[in-house]
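Novice: Here the sequence shown stands for residues 1 to 93, numbered as in full-length UniProt numbering.
Hints were generated in silico from the structure; no laboratory data involved. Errors might be hidden in some of the hints.
Stated by the list, open to error - In silico lysine to any residue, SDA-like type, Cα no more than 25 Å apart, as pairs:
#: 1; residue 1: Lys-25; residue 2: Lys-52
#: 2; residue 1: Lys-25; residue 2: Ser-45
#: 3; residue 1: Lys-33; residue 2: Asp-12
#: 4; residue 1: Lys-25; residue 2: Asp-72
#: 5; residue 1: Lys-14; residue 2: Ala-66
#: 6; residue 1: Lys-25; residue 2: Tyr-58
#: 7; residue 1: Lys-25; residue 2: His-75
#: 8; residue 1: Lys-18; residue 2: Arg-65
#: 9; residue 1: Lys-14; residue 2: Ile-35
#: 10; residue 1: Lys-33; residue 2: Ala-64
#: 11; residue 1: Lys-14; residue 2: Ser-69
#: 12; residue 1: Lys-14; residue 2: Asp-72
#: 13; residue 1: Lys-18; residue 2: Arg-8
#: 14; residue 1: Lys-18; residue 2: Tyr-46
#: 15; residue 1: Lys-25; residue 2: Ala-71
#: 16; residue 1: Lys-52; residue 2: Asp-72
#: 17; residue 1: Lys-25; residue 2: Leu-62
#: 18; residue 1: Lys-25; residue 2: Tyr-46
#: 19; residue 1: Lys-18; residue 2: Thr-55
#: 20; residue 1: Lys-52; residue 2: Glu-38
#: 21; residue 1: Lys-14; residue 2: Phe-1
#: 22; residue 1: Lys-52; residue 2: Ala-27
#: 23; residue 1: Lys-18; residue 2: Lys-52
#: 24; residue 1: Lys-25; residue 2: Phe-6
#: 25; residue 1: Lys-52; residue 2: Thr-37
#: 26; residue 1: Lys-25; residue 2: Thr-63
#: 27; residue 1: Lys-52; residue 2: Leu-41
#: 28; residue 1: Lys-52; residue 2: Gly-40
Keep in mind the model is a prediction, meaning the values are calculated, not measured.
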Amino acid sequence: FMLGEFLRYTGDSKFVTKMYEPLVKPAADFMSKFIDTETGLPHASYDLWEEKFATHTYTTALTARALYSAADMAHGSKVTESMKTSGERLPIS
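Could you put the whole structure together from the sequences, leaning on the hints where they help?
Specialist: Written out as structure tokens, the structure is:
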């Protein structure tokens, strides 16, 4: 997500393209696999204070935004084919 914000503010697509394969794609692949196929939400995890194990609004929102940012970076970096697997797991269009 933050690399997407970096791109938006700086326009440094060369750096984002360089970081896509080693950083963005593995993170997006993990997050897309962490989505429950029945609910379309991320699987349960601990909250920010590590007190409650559940599916939290914050985690859901951040996961969705991060996956959309990764897809935007892939599109902008002309690597959309490598995002195909992650994007297919998104429950929303």
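Novice: When the hints from earlier in the document are held up against this structure, which numbers fail?
Specialist: 1, 3, 9, 14, 16, 19, 23
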